[in-house]
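Trainee: Please model the complete structure; the sequences and the hints are all you need to start from.
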Amino acid sequence: MTPAPDLPASMAAPSPLFSSPGGHDGRLEATRPALLSLSGVQTLIGPYHILHGVDFEVPERGLTMLLGRNGAGKTTTLRTVMGMWKASAGTIHYDGADITRRDTPAIARAGVGYVPESMGIFAGLTVRENLVLAARQGDIDPARLQWIFTLFPALKRFWTLPAGHLSGGQKQMLATARAIIEPKKLLLIDEPTKGLAPAIINNMIDALRELKSSTTMLVVEQNFRFAQALGDTVAVMDSGRIVHTGSMAALADDPHLQQSLLGLDLGAHQ
Amino acid sequence: MTRALTEEAADGGPPTIDVPATPLDKIPLLLVPAMMLVSLPLIDSFPSWVTLTVAGLAMGMMIFVMASGLSLIFGLMDVLNFAHGAFITVGAYVGVTVLRPLGDWTSADSVLDNSLAVLLAMAAAGAVGGVLGWLFERIIVRPVYGQHLKQILITMGGLIVAEQLIHVIWGPDMIPLPKPTTFKGGITFGEASVEKYRLIAVGVGAVIFVAMMLVLNRTRLGLLIRAGVEDREMVEALGYRVGRVFVGVFVAGAALAGLGGTMWALYEESVRATMGAELMILIFIVVIIGGLGSVGGCFVAALMVGLASNYVGFLAPKIALGSTILLMMLVLLWRPSGLYPVAKR
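Note that the protein sequences, when read in sequence, are chains A and B.
Position 142 (the first sequence) corresponds to 436 in the numbering used here; numbering is contiguous.
Position 211 (the second sequence) corresponds to 258 in the numbering used here; numbering is contiguous.
Check the hints yourself; a few may be wrong.
Said to hold, decoys possible - If you anchor each label on the Cβ, the simulated ranges turn out as follows:
1) A/347 x B/186: 37 to 45 Å
2) A/479 x B/250: 51 to 59 Å
3) A/492 x B/181: 48 to 56 Å
4) A/431 x B/155: 52 to 60 Å
5) B/383 x A/459: 19 to 27 Å
6) A/333 x B/376: 53 to 61 Å
7) B/166 x A/431: 34 to 42 Å
Said to hold, decoys possible - Derived coverage of chain B by chain A (criterion: at least 3 residues anywhere in the stretch with Cβ under 8 Å from a Cβ of chain A; other residues may be distant):
8) 265 to 275
9) 280 to 288
I should point out that these hints are in silico values taken from the structure, not numbers from a laboratory.
Every value quoted in this text rests on a predicted model; they were computed, and no experiment measured them.
A virtual CB, placed ideally from N, CA and C, is assigned to each residue, including glycine.
Mentor: Pasting the structure below:
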């Protein structure tokens, strides 16, 4: 795999920190500055109080997994970071600035890419048009697009096909490609493996492993095998709060912690 | 069926892999010629059929001009604007206001003078419609985004207030608006006679349709509008401030309604304060048949409604009034989201 073309050569290969799946070194996580930090974030959707004071940090570079049972508030957390739902209390800092009150376009322009759970592709637009629209600053950088084609070859094959005709996996690839068609500092991805076949999930793992060498990522995921393969750090949510943070490796090595935090039947998930 | 990718890939060379051809849904496109063909033996007189067909197409084109903006406004902004008819009526009155002082131009036996007068009237109607649309969006619509019931109530109220204001400004009586001299009369093709103005309306409508399709399909703004119709939130997540696009579309929709109002007033050769409200029924039918938010669907639906009104009016005048509603029912039974449903998130 080749690195993102706009990145320095030093990032061409995965850093030692992230060279093994999972990163697996909690001491090193602490030395990295936080690109994103949430402090006491509360979010209400209509009459429903979803987030009850979310506190966690996403270290710069690498991939942070946000795990939790259904309804724990993971998607709400991502949408709150993106400004789609406003935090009623607490603060969100990104890249040194308070973005709690910023609107969604301003947050996106600050270098945050977002892939929603629904993938949010524009079904009536072609693959090409989806990517052209996402290249907000002008024409698509040819070298970067070529790099994306190496990550997601199907997009080249279906370049002029309306996105609505792609398969679920191809739509997920398009949604991810659209988020990175321009360099991003932070990428928020909500359940990238939802509904995908195992072979496609392996492709996504390869692609995201390549991506995390150049972009900080916060990924919401239900598939623990996927999370274990990619995550460097992890935050676990329950009932609208963060109940655990640490390295992914530590969680992966502790079946009892997994059982207590996620209710995982290890035989079924590993 | 396959086709080679023709658009250049980023590496400079066109991809050569064959992919399934984009399945263009042609069936709705065939409905207009199908209606024409089916009606021919029923009408049983070729000259009458030609006259009715051109009348139907002209009516359809004018309805399209007025309805396309409403369709986009609903698709993009999810706004049920019942006051759209007010822009049509105001446009018609502005057209009268401009054309009356230009009596020398409209009564002259000169295509150039007549055309200039009508173009000025249409431009003025479009401009006033656009300004009114901008004010209406800022003052009336903006506070009720996302609240359909309030939108219906407040825009219906806006329509009523606009009608009363028209009574105050232009008076309560119907104002006659004769066509310019060279636009009167008809052209004879064999035994068939076709009104000149209807041919002009077909031409103007076609130009506006082509221009809209070019903007929507060949420009970045069009891409933004099409994407916004599907999923506004995702467009914002890409960094675009969609609100500004929305206001632009609202203004453009109102301007087209105003322009269409002048065209319709010349077609009917009169102007009255209730014309917009009366047309709204036809316009809503067209927007629903076409698929909310679809300009292409709106175009096909407008032509179908225009043709159905004229054919049924000739063949069975007693059910003419209900023919368009019947057409809508049939289309919705076949395609519940309209001819070209827009994929919404």
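Trainee: Hint by hint, note whether the structure agrees.
Mentor: Against the structure, the hints:
{"no.": "1", "hint": "A/347 x B/186: 37 to 45 Å", "in the structure": "40 Å, holds"}
{"no.": "2", "hint": "A/479 x B/250: 51 to 59 Å", "in the structure": "53 Å, holds"}
{"no.": "3", "hint": "A/492 x B/181: 48 to 56 Å", "in the structure": "54 Å, holds"}
{"no.": "4", "hint": "A/431 x B/155: 52 to 60 Å", "in the structure": "53 Å, holds"}
{"no.": "5", "hint": "B/383 x A/459: 19 to 27 Å", "in the structure": "21 Å, holds"}
{"no.": "6", "hint": "A/333 x B/376: 53 to 61 Å", "in the structure": "57 Å, holds"}
{"no.": "7", "hint": "B/166 x A/431: 34 to 42 Å", "in the structure": "39 Å, holds"}
{"no.": "8", "hint": "265 to 275", "in the structure": "holds (count 5)"}
{"no.": "9", "hint": "280 to 288", "in the structure": "holds (count 9)"}
Against the hints set out earlier in the document, no violation occurs for any number.
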